[in-house]
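Let the hints inform the model, and build the full structure from the sequences given.
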Amino acid sequence: MPLDISPPISPHCDAFQASWIATVLNLDWPSRASTKIENDDERIRRQKQELANLFNEASEHGINAVVFQVSPAADAFYASSYLPWSSYLTGTLGKNPGFDPLQFAIEQAHKRGIELHAWLNPYRVSMDVKASTRKELKNSSKDSPPSVYKTHPSWVGVSADRYVLDPGIPAVRQWVTNITAEVVQKYNVDGIQFDDYFYYETASSPLDDDKTYARFGTRFASKYDWRRYNTYTLVQEISDKIKSIKPNVRFGISPGGVWRNKADDPLGSATRAGKTNYDGDFADTRRWVKDGLIDYIAPQVYWSFGRKAVSYDTIVKWWADTVRGTKTDLYIGMALYRAGTATASEPGWQAGGGLSEIKRQLELNQWLPEVKGSILFRQGFLSDPKLKNVSDYLKKTWGKCGQK
Numbered sequence: 001m002p003l004d005i006s007p008p009i010s011p012h013c014d015a016f017q018a019s020w021i022a023t024v025l026n027l028d029w030p031s032r033a034s035t036k037i038e039n040d041d042e043r044i045r046r047q048k049q050e051l052a053n054l055f056n057e058a059s060e061h062g063i064n065a066v067v068f069q070v071s072p073a074a075d076a077f078y079a080s081s082y083l084p085w086s087s088y089l090t091g092t093l094g095k096n097p098g099f100d101p102l103q104f105a106i107e108q109a110h111k112r113g114i115e116l117h118a119w120l121n122p123y124r125v126s127m128d129v130k131a132s133t134r135k136e137l138k139n140s141s142k143d144s145p146p147s148v149y150k151t152h153p154s155w156v157g158v159s160a161d162r163y164v165l166d167p168g169i170p171a172v173r174q175w176v177t178n179i180t181a182e183v184v185q186k187y188n189v190d191g192i193q194f195d196d197y198f199y200y201e202t203a204s205s206p207l208d209d210d211k212t213y214a215r216f217g218t219r220f221a222s223k224y225d226w227r228r229y230n231t232y233t234l235v236q237e238i239s240d241k242i243k244s245i246k247p248n249v250r251f252g253i254s255p256g257g258v259w260r261n262k263a264d265d266p267l268g269s270a271t272r273a274g275k276t277n278y279d280g281d282f283a284d285t286r287r288w289v290k291d292g293l294i295d296y297i298a299p300q301v302y303w304s305f306g307r308k309a310v311s312y313d314t315i316v317k318w319w320a321d322t323v324r325g326t327k328t329d330l331y332i333g334m335a336l337y338r339a340g341t342a343t344a345s346e347p348g349w350q351a352g353g354g355l356s357e358i359k360r361q362l363e364l365n366q367w368l369p370e371v372k373g374s375i376l377f378r379q380g381f382l383s384d385p386k387l388k389n390v391s392d393y394l395k396k397t398w399g400k401c402g403q404k
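Just so you know, we're using my numbering here: the sequence shown kicks off at 1 and counts up by one.
No lab work stands behind these hints, which were simulated from the structure alone. Everything hinted at is true.
List of simulated lysine to aspartate or glutamate pairs, EDC-like, C-alpha gap at most 16 Å:
hint: 1; residue 1: Lys186; residue 2: Glu107
hint: 2; residue 1: Lys317; residue 2: Asp329
hint: 3; residue 1: Lys246; residue 2: Glu182
hint: 4; residue 1: Lys275; residue 2: Glu201
hint: 5; residue 1: Lys223; residue 2: Glu201
hint: 6; residue 1: Lys262; residue 2: Asp321
hint: 7; residue 1: Lys395; residue 2: Glu60
hint: 8; residue 1: Lys275; residue 2: Asp265
hint: 9; residue 1: Lys395; residue 2: Glu57
hint: 10; residue 1: Lys95; residue 2: Glu136
hint: 11; residue 1: Lys95; residue 2: Asp41
hint: 12; residue 1: Lys246; residue 2: Asp295
hint: 13; residue 1: Lys396; residue 2: Glu60
hint: 14; residue 1: Lys138; residue 2: Asp128
hint: 15; residue 1: Lys243; residue 2: Asp295
hint: 16; residue 1: Lys241; residue 2: Asp295
hint: 17; residue 1: Lys317; residue 2: Glu363
hint: 18; residue 1: Lys388; residue 2: Glu60
hint: 19; residue 1: Lys223; residue 2: Asp208
hint: 20; residue 1: Lys396; residue 2: Glu57
hint: 21; residue 1: Lys241; residue 2: Glu182
hint: 22; residue 1: Lys372; residue 2: Asp295
hint: 23; residue 1: Lys275; residue 2: Asp196
hint: 24; residue 1: Lys388; residue 2: Glu57
hint: 25; residue 1: Lys327; residue 2: Glu370
Remember, it's a predicted structure, so these values are computed and weren't measured experimentally.
Listed below in structure tokens is the structure:
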């Protein structure tokens, strides 16, 4: 019988102990109530206090890096020359909120010894395709640039019932690169992160990019190969641009948890994921790691140890094997939001108010030398009364480390 090697309990204090702060749909910040405050000074005061509270909470839990969403849907939580101010700040797309949230977040993070990574969604333009959304996207504001939906309608398609930029258009790639470069140039961020929204489709709402393929993809054997070329080239160009501006700013990607299933590729993981990076998002994340395009990868391993088709340990160990010998650091994206709530296929999430599963996952991360840290999705759940056991555990473990 193999030896039962128990992972260490104590945290590695040089680890990346992070959280995501999601601004899309006002998930973590700012509160929807704050966006309805009519007095601008009062709204600004309220939103700044809410954000400061989140960084206080992060510090109390030993979090040493926050991934802060600054462009959820071709909009901005900072003063941009390309994007309109986000409607999630004031309720109105393009309206100046009266302060710079990204600059304020950087100040709040750094004075607590916390890294600030700016999280951008490169291709998403909206969260739905309602008539009211189209009207909003077409409206312009004197406070900031108009939406790309209005200025470059030929770049925009529909995918997964949302407006998205077509990744196959070279001008789109340049535009996304310019947006990223603007953040790196203007702000003292520690990192830039893209998430899993590359080619984000559903069976009922695929992206119609046949015309784009006919125009730009004729030298490729298949449209799918061309799509993977498009995402690879975007990541490569973003990486080169960041390093040319500020070499110390780190560039990371947080894709879905599974690169590819072994049934489709012998290099894949022993999983049966319904959607994978390679075949679903057309993002060859394994190659990005092997070719050194990114400083870190943070796969979203949002399953439990008990989920047989996509078990946590199988996926994390596959990624550990994949990054070994490369220059790419591995952080694991963890489903804090699932803790404390069981499902038929994953009853383990409920044990101990979610603590049993989260503790086991963190211990595996600490045990594997290739795993350099963990990111919790998402920070708002740290204050959920149902997750008090998890919160207390993080304070006792991560909290011992102090800040970087």
